[in-house]
Amino acid sequence: MISLTIDIVLLIFLLVMAFAILRVHHLLAVAMMFGLYSLLVAGLFMVLDAPDVAFTEAAVGTGIATVLMLATLAVTRVTHEKELKKTNKRALFIVVVTGGLLLYGTHDMSNLGDNMAPAHTEVAKRYIEKGQEETGVPNLVTAVLASYRGFDTLGEVTVVFTAGIGVLLLLRRKQKPRIKGIQGGR
Amino acid sequence: MIEYILGHINYWIIIVLMMIGLYTMMSRPNLIKKMVGLSVFQTGVILLYISMAKVTGGTAPIVAEGFTTYSNPLPQVLMLTAIVVGVATTALGFALIVRIKEAYGTIEEDELEMMDNEE
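Here the protein sequences come in this chain order: X and F.
Residue numbering for the first sequence follows my numbering, starting at 1 and increasing by one per position.
Residue numbering for the second sequence follows my numbering, starting at 187 and increasing by one per position.
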């Protein structure tokens with residue numbers, strides 16, 4: 001019960017942060033609030049018994065993503081976004097419909113922490129029972145990540161490698177094409 | 187009824203969170219703001235999966251003496267992958283934004299569209 005209370009309090013903090021990110025127009029403030037948002041998410045992962053995911057979120061989500069955002073802001077020299085006068089009705093409509101469908105979808109899901117949920121009784125049960133015996137690693141997340149689903153991790157490394165090459169190719173290009181209309185205006 | 191609400195309120199708040207991210211991404215013309223919205227949406231999805239892995243009375247999935255109930259390690263592994271891949275794609279998006287700024291001189295979507303239509 002205490003864990004659920006902490007969980008909900010953190011989620012309400014997250015809602016406030018996400019709403020602030022939506023409303024604030026100063027982009028440096030948005031970057032800072034996104035860092036705080038990621039840190040709160042990392043705390044929430046801790047409450048939900050996922051320390052490995054919490055470490056990754058704290059290091060990669062809070063650290064690297066925020067630094068990347070600050071670097072982009074520094075390079076592009078943009079400080080504020082344009083303020084909009086009217087709300088985007090079409091976007092709001094799509095969001096409300098999608099959200100409604102997702103909320104309807106949760107009706108079938110089992111309660112938070114239900115240990116008889118189908119997700120916990122099949123393959124995960126075997127990982128928990130045999131994991132240490134078969135791989136020799138007490139941390140089951142590591143056992144599944146590196147042994148049972150090693151090829152998944154290989155695929156992940158491929159994606160990260162491709163993204164890295166893409167970033168390098170985009171940023172290291174010497175010849176910089178300009179769009180005609182604005183050449184004089186810069 | 188109370189039990190149903192307490193068991194599901196976690197999912198509901200996370201879905202609202204995801205939708206705020208989606209709305210940020212769709213309604214704001216600034217490309218950096220769009221990337222932040224995408225990240226908020228993505229963290230929402232990850233949170234939804236991690237909360238499905240929670241088992242009441244369970245502990246973190248690290249085998250130790252004296253514990254028999256563990257959280258489900260499988261969603262945690264998949265989301266670990268998703269976080270890293272998400273940051274890699276975010277980095278690619280920011281690199282594209284830097285290039286767009288160099289080429290067009292702006293990162294507001296409506297201005298970009300106007301320039302493309304002028305040609």
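No lab work stands behind these hints, which were simulated from the structure alone.
Just so you know, not all the hints are guaranteed correct.
Claimed, not checked - Heads up, simulated DMTMM-like pairs for lysine to aspartate or glutamate below, C-alpha to C-alpha not over 25 Å straight-line:
{"hint": "1", "chain 1": "X", "residue 1": "K174", "chain 2": "F", "residue 2": "D302"}
{"hint": "2", "chain 1": "X", "residue 1": "K176", "chain 2": "F", "residue 2": "E299"}
{"hint": "3", "chain 1": "F", "residue 1": "K220", "chain 2": "X", "residue 2": "E83"}
{"hint": "4", "chain 1": "X", "residue 1": "K89", "chain 2": "F", "residue 2": "E251"}
{"hint": "5", "chain 1": "X", "residue 1": "K86", "chain 2": "F", "residue 2": "E297"}
{"hint": "6", "chain 1": "F", "residue 1": "K220", "chain 2": "F", "residue 2": "E294"}
{"hint": "7", "chain 1": "X", "residue 1": "K176", "chain 2": "F", "residue 2": "E251"}
{"hint": "8", "chain 1": "X", "residue 1": "K82", "chain 2": "F", "residue 2": "E251"}
{"hint": "9", "chain 1": "X", "residue 1": "K82", "chain 2": "F", "residue 2": "E304"}
{"hint": "10", "chain 1": "X", "residue 1": "K176", "chain 2": "F", "residue 2": "D302"}
{"hint": "11", "chain 1": "X", "residue 1": "K174", "chain 2": "F", "residue 2": "E251"}
{"hint": "12", "chain 1": "X", "residue 1": "K130", "chain 2": "F", "residue 2": "E251"}
Said to hold, decoys possible - For each label pair, taking beta carbons as the anchor points, the in silico distance ranges come out as:
{"hint": "13", "chain 1": "X", "residue 1": "H80", "chain 2": "F", "residue 2": "E189", "range": "45 to 53 Å"}
{"hint": "14", "chain 1": "X", "residue 1": "A29", "chain 2": "F", "residue 2": "M300", "range": "40 to 48 Å"}
{"hint": "15", "chain 1": "X", "residue 1": "L154", "chain 2": "F", "residue 2": "M187", "range": "14 to 22 Å"}
{"hint": "16", "chain 1": "F", "residue 1": "D296", "chain 2": "X", "residue 2": "V75", "range": "17 to 25 Å"}
Unchecked claim - Listed next, the stretches of chain F that the computed footprint assigns to chain X, with coverage defined by at least 3 CB atoms under 8 Å from CB atoms of chain X:
{"hint": "17", "region": "187-200"}
{"hint": "18", "region": "206-218"}
{"hint": "19", "region": "223-230"}
{"hint": "20", "region": "236-245"}
{"hint": "21", "region": "250-262"}
{"hint": "22", "region": "278-290"}
Backbone N, C-alpha and C define an ideal beta-carbon position, used for all residues, glycine too.
Here is what the structure says about each hint:
A threshold of 25 Å between alpha carbons decides the hint, and for X:K174 with F:D302 the separation of about 23 Å falls inside it, so the pair holds. For the given pair, X:K176 sits about 20 Å from F:E299 by alpha-carbon distance, which is consistent with the 25 Å threshold. Simply put, F:K220 and X:E83 have alpha-carbon atoms about 14 Å apart, close enough for the 25 Å limit, and the pair holds. Between X:K89 and F:E251 the alpha-carbon distance is near 56 Å, which puts this suggested pair outside the 25 Å criterion.
A threshold of 25 Å between alpha carbons decides the hint, and for X:K86 with F:E297 the separation of about 17 Å falls inside it, so the pair holds. In summary, the hint linking F:K220 to F:E294 is supported, as the alpha carbons are separated by about 10 Å, within the 25 Å threshold. Between X:K176 and F:E251 the CA atoms are separated by roughly 61 Å; this puts the pair beyond 25 Å, and the hint is violated. Taken as a hint, the X:K82 and F:E251 pair is broken in the structure, with Cα atoms around 58 Å apart against an allowance of 25 Å.
Annotation: proposed proximity of X:K82 to F:E304 holds, straight-line Cα distance about 21 Å (limit 25 Å). Our distance criterion of 25 Å between C-alpha atoms is met by X:K176 and F:D302, whose separation comes to about 18 Å. About 59 Å separates the Cα atoms of X:K174 and F:E251, which puts this hinted pair outside 25 Å; it is violated. As the CA atoms of X:K130 and F:E251 are separated by approximately 15 Å, the hinted pair is consistent with the 25 Å bound.
Taking the beta carbon of each, X:H80 and F:E189 are about 47 Å apart, inside 45 to 53 Å as hinted. For the hinted restraint 40 to 48 Å between X:A29 and F:M300, the CB-CB distance of approximately 27 Å leaves it violated. In this structure the supplied range 14 to 22 Å is violated for X:L154 paired with F:M187, their Cβ-Cβ distance being about 47 Å. Our hint of 17 to 25 Å for F:D296 and X:V75 holds, since their Cβ atoms are close to 22 Å apart.
Check result for the region 187-200 of chain F against chain X: holds, 11 residues qualifying (beta carbon to beta carbon below 8 Å, three or more required). Figure legend: the region 206-218 of chain F, annotated as covered by chain X; annotation consistent (11 residues with Cβ-Cβ distances under 8 Å, at least 3 required). Judged by the Cβ-Cβ criterion of 8 Å, the region 223-230 of chain F is covered by chain X as claimed, because 4 of its residues qualify and three suffice. Under the rule that three or more residues need a Cβ within less than 8 Å of chain X, the assignment of the region 236-245 of chain F holds, with 10 such residues.
Beta-carbon proximity to chain X at under 8 Å applies to 9 residues in the region 250-262 of chain F; the threshold of 3 is reached and the given coverage holds. Coverage of the region 278-290 of chain F by chain X holds [criterion: at least 3 residues with CB-CB distance below 8 Å; count 11].
In this structure, the hints that do not hold are numbers 4, 7, 8, 11, 14, 15, in rising order.
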